[in-house]
Amino acid sequence: MGRVKPGKPHRERLIRETREPEQPLPDWPKSHVSAELTGDDQFECVLVTIHGVEHYLHASTARELQLMLDSKLKEYNGVCEELGVPQV
7 MGRVKPGKPH RERLIRETRE PEQPLPDWPK SHVSAELTGD DQFECVLVTI HGVEHYLHAS
67 TARELQLMLD SKLKEYNGVC EELGVPQV
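In this note's numbering, the protein residues as written are 7 to 94.
Simulated from the structure, these hints should not be mistaken for laboratory data. All values derive from a computational prediction rather than experimental measurement. Be aware that one or more of the hints could be misleading.
To be verified - Each pair of labels, with its calculated beta carbon distance range:
#, residue 1, residue 2, range
1, Leu43, Glu23, 20 to 28 Å
2, Gly45, Glu81, 18 to 26 Å
3, Ala41, Gly90, 31 to 39 Å
4, Leu71, Asp46, 19 to 27 Å
5, Arg25, Asp46, 33 to 41 Å
6, Leu89, Asp46, 44 to 52 Å
Think of the CB as a built atom: it goes at the ideal place given N, C-alpha and C, for glycine as much as any other residue.
Using the sequences plus the hints, can you model the full thing?
Structure representation (C-alpha coordinates):
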(Lines of atoms letter the chains of each structure in order from A; the text may use other names.)
(Lines give C-alpha, C1' and ligand atoms only; values in the text may rest on other atoms or scores of the structure.)
Protein backbone atom coordinates (compact mmCIF):
# COMPACT_ATOMS: atom_id res chain seq x y z
CA MET A 7 0.00 0.00 0.00
CA GLY A 8 1.37 3.42 -0.91
CA ARG A 9 1.94 6.24 1.50
CA VAL A 10 -0.74 8.78 2.27
CA LYS A 11 0.16 12.13 0.78
CA PRO A 12 -0.28 15.18 3.00
CA GLY A 13 -3.39 17.18 2.13
CA LYS A 14 -5.10 14.27 0.39
CA PRO A 15 -7.99 12.62 2.18
CA HIS A 16 -7.75 8.90 2.82
CA ARG A 17 -9.98 6.99 0.42
CA GLU A 18 -11.51 3.65 1.25
CA ARG A 19 -10.90 0.92 -1.28
CA LEU A 20 -14.17 -0.29 -2.75
CA ILE A 21 -14.88 -3.99 -2.69
CA ARG A 22 -15.77 -4.99 -6.24
CA GLU A 23 -16.18 -8.73 -5.74
CA THR A 24 -16.94 -11.22 -3.00
CA ARG A 25 -17.05 -15.01 -3.17
CA GLU A 26 -18.48 -17.74 -1.01
CA PRO A 27 -16.06 -19.12 1.57
CA GLU A 28 -14.88 -22.67 0.83
CA GLN A 29 -16.68 -23.88 3.96
CA PRO A 30 -19.93 -22.30 5.18
CA LEU A 31 -19.45 -20.03 8.17
CA PRO A 32 -21.20 -20.85 11.44
CA ASP A 33 -24.82 -19.64 11.58
CA TRP A 34 -25.40 -20.01 7.84
CA PRO A 35 -27.25 -18.30 6.10
CA LYS A 36 -27.20 -15.30 8.46
CA SER A 37 -23.40 -15.27 8.44
CA HIS A 38 -23.42 -14.94 4.63
CA VAL A 39 -26.44 -12.76 3.82
CA SER A 40 -29.07 -10.68 5.54
CA ALA A 41 -31.75 -8.19 4.61
CA GLU A 42 -33.52 -5.64 6.76
CA LEU A 43 -35.41 -2.39 6.52
CA THR A 44 -33.42 0.76 7.17
CA GLY A 45 -34.30 3.39 9.72
CA ASP A 46 -35.92 6.73 9.04
CA ASP A 47 -32.47 8.35 9.01
CA GLN A 48 -31.54 6.58 5.75
CA PHE A 49 -32.54 7.68 2.25
CA GLU A 50 -32.76 4.07 1.03
CA CYS A 51 -35.35 1.60 2.32
CA VAL A 52 -33.57 -1.78 2.40
CA LEU A 53 -30.17 -2.88 3.69
CA VAL A 54 -28.77 -6.07 2.15
CA THR A 55 -25.54 -7.37 3.65
CA ILE A 56 -23.54 -9.93 1.67
CA HIS A 57 -20.35 -11.31 3.22
CA GLY A 58 -20.13 -8.29 5.49
CA VAL A 59 -20.51 -5.72 2.70
CA GLU A 60 -23.55 -3.48 3.23
CA HIS A 61 -25.67 -2.46 0.25
CA TYR A 62 -28.33 0.23 0.79
CA LEU A 63 -31.08 -0.06 -1.81
CA HIS A 64 -34.27 1.71 -2.75
CA ALA A 65 -37.30 -0.58 -2.48
CA SER A 66 -37.70 -0.60 -6.26
CA THR A 67 -34.07 -1.70 -6.73
CA ALA A 68 -34.52 -4.41 -4.09
CA ARG A 69 -37.63 -5.66 -5.93
CA GLU A 70 -35.75 -5.81 -9.25
CA LEU A 71 -32.92 -7.71 -7.55
CA GLN A 72 -35.49 -10.17 -6.18
CA LEU A 73 -37.00 -10.67 -9.64
CA MET A 74 -33.57 -11.17 -11.25
CA LEU A 75 -32.49 -13.65 -8.58
CA ASP A 76 -35.75 -15.56 -8.88
CA SER A 77 -35.33 -15.79 -12.66
CA LYS A 78 -31.73 -17.05 -12.39
CA LEU A 79 -32.64 -19.58 -9.69
CA LYS A 80 -35.42 -20.97 -11.90
CA GLU A 81 -32.90 -21.24 -14.74
CA TYR A 82 -30.41 -22.94 -12.39
CA ASN A 83 -33.09 -25.39 -11.22
CA GLY A 84 -33.79 -26.29 -14.84
CA VAL A 85 -30.14 -27.23 -15.28
CA CYS A 86 -30.23 -29.19 -12.00
CA GLU A 87 -33.32 -31.06 -13.16
CA GLU A 88 -31.63 -32.01 -16.45
CA LEU A 89 -28.60 -33.30 -14.55
CA GLY A 90 -30.69 -35.13 -11.97
CA VAL A 91 -29.18 -33.25 -9.03
CA PRO A 92 -31.01 -31.53 -6.13
CA GLN A 93 -32.60 -28.18 -6.90
CA VAL A 94 -32.62 -25.12 -4.67
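Any hints this thing doesn't respect? Which numbers, in order?
Going through the list in order, the structure violates hint 2 alone and respects the others.
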